[in-house]
Structures are given as C-alpha cells and as structure tokens.
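Note that the protein sequences, when read in sequence, are chains A and B. Just so we're aligned, residue 1 is where the first sequence starts under the UniProt record's numbering, counting upward by one. Just so we're aligned, residue 1 is where the second sequence starts under the UniProt record's numbering, counting upward by one.
Some clues are possibly wrong.
With the Cβ distance kept under 10 Å, some of the chain A side facing chain B (calculated, not the full set) [said to hold, decoys possible]:
| # | residue |
| --- | --- |
| 1 | N43 |
| 2 | H48 |
| 3 | I51 |
| 4 | V89 |
| 5 | R93 |
| 6 | E104 |
| 7 | L114 |
| 8 | E115 |
| 9 | T181 |
| 10 | A182 |
The set of hints was computed from the structure by calculation and includes no laboratory data. Note that the Cβ used here is the ideal one computed from N, Cα and C, for glycine as well.
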Amino acid sequence: MQILCIMLSDIAQIRLVSSHPEVYDPCDDSFALVDALLADRANLLEHHPSICLEIGCGSGYVITSLALLLGKEASGAHYMATDINPHAVGVTRETLEAHGCHAELVNTDIALGLEKRLARSVDVIVVNPPYVPTPEEEVGCFGITSSWAGGENGRSVIDKILPVADKLLSEKGWLYLLTLTANNPLEICLLMRKKGYASRIILQRSTEEESLHIIKFWRDLDTLLEVKESMVLNKTDNRTVTESLPFPSFSVWRNLSRNFN
Amino acid sequence: MRLLTHNMLSSNIKGVTNGFPLLIEAEKVVEKAVDFNEDFLKNMFAKIEWKALVDASKTMGYAELPDNVESSMLDSDEFLQKFHHALLELHLEEGALVCPETGRKFPVSKGIPNMLLHEDEV
Numbered sequence: 001m002q003i004l005c006i007m008l009s010d011i012a013q014i015r016l017v018s019s020h021p022e023v024y025d026p027c028d029d030s031f032a033l034v035d036a037l038l039a040d041r042a043n044l045l046e047h048h049p050s051i052c053l054e055i056g057c058g059s060g061y062v063i064t065s066l067a068l069l070l071g072k073e074a075s076g077a078h079y080m081a082t083d084i085n086p087h088a089v090g091v092t093r094e095t096l097e098a099h100g101c102h103a104e105l106v107n108t109d110i111a112l113g114l115e116k117r118l119a120r121s122v123d124v125i126v127v128n129p130p131y132v133p134t135p136e137e138e139v140g141c142f143g144i145t146s147s148w149a150g151g152e153n154g155r156s157v158i159d160k161i162l163p164v165a166d167k168l169l170s171e172k173g174w175l176y177l178l179t180l181t182a183n184n185p186l187e188i189c190l191l192m193r194k195k196g197y198a199s200r201i202i203l204q205r206s207t208e209e210e211s212l213h214i215i216k217f218w219r220d221l222d223t224l225l226e227v228k229e230s231m232v233l234n235k236t237d238n239r240t241v242t243e244s245l246p247f248p249s250f251s252v253w254r255n256l257s258r259n260f261n
Numbered sequence: 001m002r003l004l005t006h007n008m009l010s011s012n013i014k015g016v017t018n019g020f021p022l023l024i025e026a027e028k029v030v031e032k033a034v035d036f037n038e039d040f041l042k043n044m045f046a047k048i049e050w051k052a053l054v055d056a057s058k059t060m061g062y063a064e065l066p067d068n069v070e071s072s073m074l075d076s077d078e079f080l081q082k083f084h085h086a087l088l089e090l091h092l093e094e095g096a097l098v099c100p101e102t103g104r105k106f107p108v109s110k111g112i113p114n115m116l117l118h119e120d121e122v
C-alpha cells in the first residue's frame with residue numbers, strides 16, 4: 001500500500017488538473033507519454049537535465065508529471081512549456097500551481113521567440129503533438145483544434161517541430177515524441193537519423209481508437225558517421241536508406257549500453 | 001516569468017535582425033522564493049547574456065548585480081545568491097516585453113508572455 005502511494009504521488013493527479021472548454025483534457029495519449037517518462041525515470045535522473053521543455057503543454061498534465069516524477073532528486077532541473085493556445089498555458093499554470101510545481105510558460109507557436117537564445121541548451125524535450133490526420137486547413141486553427149489537427153497523415157505540425165527540436169537540443173539532449181501509426185513513425189526516425197539521431201520506441205500502446213508509440217531520440221555520433229558514410233555510398237549505390245534502418249539497430253543497443261551502464 | 005526566461009526570449013518579427021534583449025515594461029513584479037541550486041547556476045552562467053540580466057533586474061527594481069562578471073566570481077557565495085535571486089526569484093507578473101527594433105509589445109499576463117506573431121509579422 002505504501003509503495004502504491006509513493007507511485008501515485010510521482011505524477012500529476014487528474015482531480016488537480018485544471019480544464020477549459022478550449023483545452024484538451026488528459027487522455028490515453030497523455031497517459032501513455034507520462035507512463036513512458038515514468039518508465040525512463042532512472043535514466044532521466046542519471047541524465048541530470050538542466051532545462052526540460054514541453055512543446056504543446058495543453059492541460060499541463062505532462063509537464064507537471066515530469067516535474068513531479070523527477071522531483072527533488074533532479075533539483076537542478078528547470079522546466080519550461082509552450083502552447084499556441086492561450087487558454088492552454090493558463091490551464092497549465094493552474095495545474096502546476098495545484099501540484100505545487102513551477103514551469104516557465106510561453107504562449108507561442110512551437111518555440112518561436114526561444115529558438116535563438118535557447119539553441120543547443122535543452123536537455124529534455126517532450127512532445128505530444130497534434131497527430132490526428134485532418135484536412136490541411138484545420139492546422140494552425142486556434143483553440144482546442146490546435147491540440148489535435150495534424151494535417152496530412154497527422155504530420156504537418158510534427159514535421160515543423162522536428163527541426164526546432166534539433167536546434168534546441170543540447171549535445172546530450174533527449175527528445176520524447178508521441179506518434180500515431182498513421183504518422184509513419186519509422187519515417188520520422190529516418191528523418192531524424194539524417195540529422196544524426198539514434199532512436200528507440202520506448203512504449204507502444206494500442207487503445208480502442210489508435211495505436212500509439214513513444215519514441216526517444218538522442219544525438220549519436222555513430223549514427224552521424226553512418227549517415228555520412230551512406231551518403232558517400234549512395235553516390236555509387238542507389239539503395240534506399242530504409243534497408244539499413246532503424247530500430248533496433250546494433251548501433252542503438254551499443255550506444256544504450258555505453259550510456260546507461 | 002522569470003528573468004531566466006526573459007534572457008532566452010527574442011523578438012522574431014519578420015525583418016528584425018536584432019530582437020534581443022526585449023525591453024521590459026513592468027506593471028507588477030512579484031518575488032517567489034526558489035530553492036538555491038549552485039550547480040544549476042553554474043550551468044546557466046555561460047548561457048546568460050549578462051548585461052541583459054543586469055538591465056532587466058534593474059527594471060524590476062533589483063540593482064545588486066555587478067555590471068561586469070567573470071567566471072571566477074562563481075566561487076563567491078554572495079555573488080551566487082544575487083545571481084540566483086535575479087535569475088529565478090524575480091517574476092514579471094504583468095507588463096510587456098518590447099521589441100528593441102520595432103517597439104512591438106508582447107504582453108505578459110499572469111506571468112505568461114505572449115510571443116505569438118500577427119500574420120503580417122511572420
């Protein structure tokens with residue numbers, strides 16, 4: 001029983017999560033993302049993050065949970081969160097306050113205004129993007145639509161977030177991204193691989209409506225070298241890069257054992 | 001909004017080449033105690049634009065930071081306490097951040113800056 005109580009206190013409590021008609025309430029996707037962070041908690045603590053950023057914080061359930069689950073053991077961590085929806089950052093503020101947590105909030109599109117000065121400085125980025133495939137014109141709508149409208153294959157906003165995350169992540173930075181099968185997570189890993197990131201699916205969950213993946217990305221020198229080599233190879237050999245890709249590749253496991261043992 | 005966040009924000013309006021630092025118009029400033037963490041301060045020191053922090057904290061009513069710094073000052077507990085207070089404990093609760101080049105105001109309400117651009121600014 002005692003263990004159960006400790007476990008429960010590690011993440012945000014639904015009854016303390018604030019809400020607003022124009023803000024997406026925590027749902028299966030939010031729970032999956034927080035479960036993935038919980039499962040990776042020991043690694044996160046060992047990572048000693050200075051700056052943690054959530055892009056698209058919605059109700060604040062995820063950033064509050066991250067702050068709680070890292071807690072005092074990560075006392076050097078500073079939390080930030082952005083959302084394009086002004087109601088969402090307001091609700092996030094209330095959710096954080098109800099849990100006695102603090103995160104710096106910015107009402108902005110992805111990380112507009114932060115990209116220049118925060119470049120190469122963020123150790124952990126967490127994203128539950130608008131991933132639902134919708135007509136393209138719904139992307140960029142304000143209010144609650146912005147929390148789910150993902151355009152073609154649900155990729156429009158994800159594809160905007162990835163280069164920003166690449167810019168913001170520190171040398172040791174990690175990105176946790178939630179995706180839907182329809183988003184083609186393998187292709188997302190391939191895109192990130194070209195930027196020098198290794199990746200691993202750290203949680204998969206099928207709900208009645210959707211199949212979710214949480215992918216963790218990190219900069220990997222071996223991946224970068226392999227990509228450069230394959231670019232040289234591809235000049236003479238026109239293989240698609242997919243053949244050599246990505247999870248669970250040996251370089252991933254090699255890197256993991258190096259980082260975490 | 002902490003001054004750490006202010007130090008990380010710049011104006012992204014189309015055509016603006018020098019959008020940093022944003023000027024602060026302070027209507028309401030609050031102080032909130034934050035646990036002191038030496039490692040965090042030492043980590044952040046290299047990333048901070050010092051003059052922007054000094055000017056911002058003066059605007060917020062705190063003039064204790066030295067104008068010039070060098071990394072050896074991180075050995076001084078007195079310096080670290082002042083740095084900690086300016087960086088993390090002073091909050092701009094209500095007011096605005098002003099683009100240094102265009103004068104465009106980004107409102108700060110309930111401690112949250114609104115950096116969204118209008119269509120003709122993107």
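Going down the list of hints, with the structure as the test:
Using the Cβ-Cβ criterion of 10 Å, the hint placing N43/A at the interface with chain B is not satisfied: the shortest such distance is roughly 19 Å. The beta carbon of H48/A is positioned within 10 Å of a beta carbon in chain B (closest approach about 8 Å), and the interface hint is therefore held. For the restraint placing I51/A at the interface with chain B, the shortest Cβ-Cβ distance is roughly 8 Å, inside the 10 Å limit, so the hint holds. Below 10 Å, beta-carbon pairs count as interface contacts, and V89/A has one with chain B at about 5 Å; its hint therefore holds.
Below 10 Å, beta-carbon pairs count as interface contacts, and R93/A has one with chain B at about 7 Å; its hint therefore holds. Using the Cβ-Cβ criterion of 10 Å, the hint placing E104/A at the interface with chain B is satisfied: the shortest such distance is roughly 5 Å. The beta carbon of L114/A comes within 6 Å of a beta carbon in chain B, closer than 10 Å, and the hint placing it at the interface holds. For E115/A, the suggested interface contact is upheld, since its CB lies about 8 Å from the closest CB of chain B, less than 10 Å.
Because the closest C-beta pair between T181/A and chain B is about 32 Å apart, greater than 10 Å, the hint is violated. Hint on A182/A is violated. Least Cβ distance to chain B is approximately 28 Å, over the 10 Å limit.
When each numbered hint is compared with the structure, violations occur for hints 1, 9, 10.
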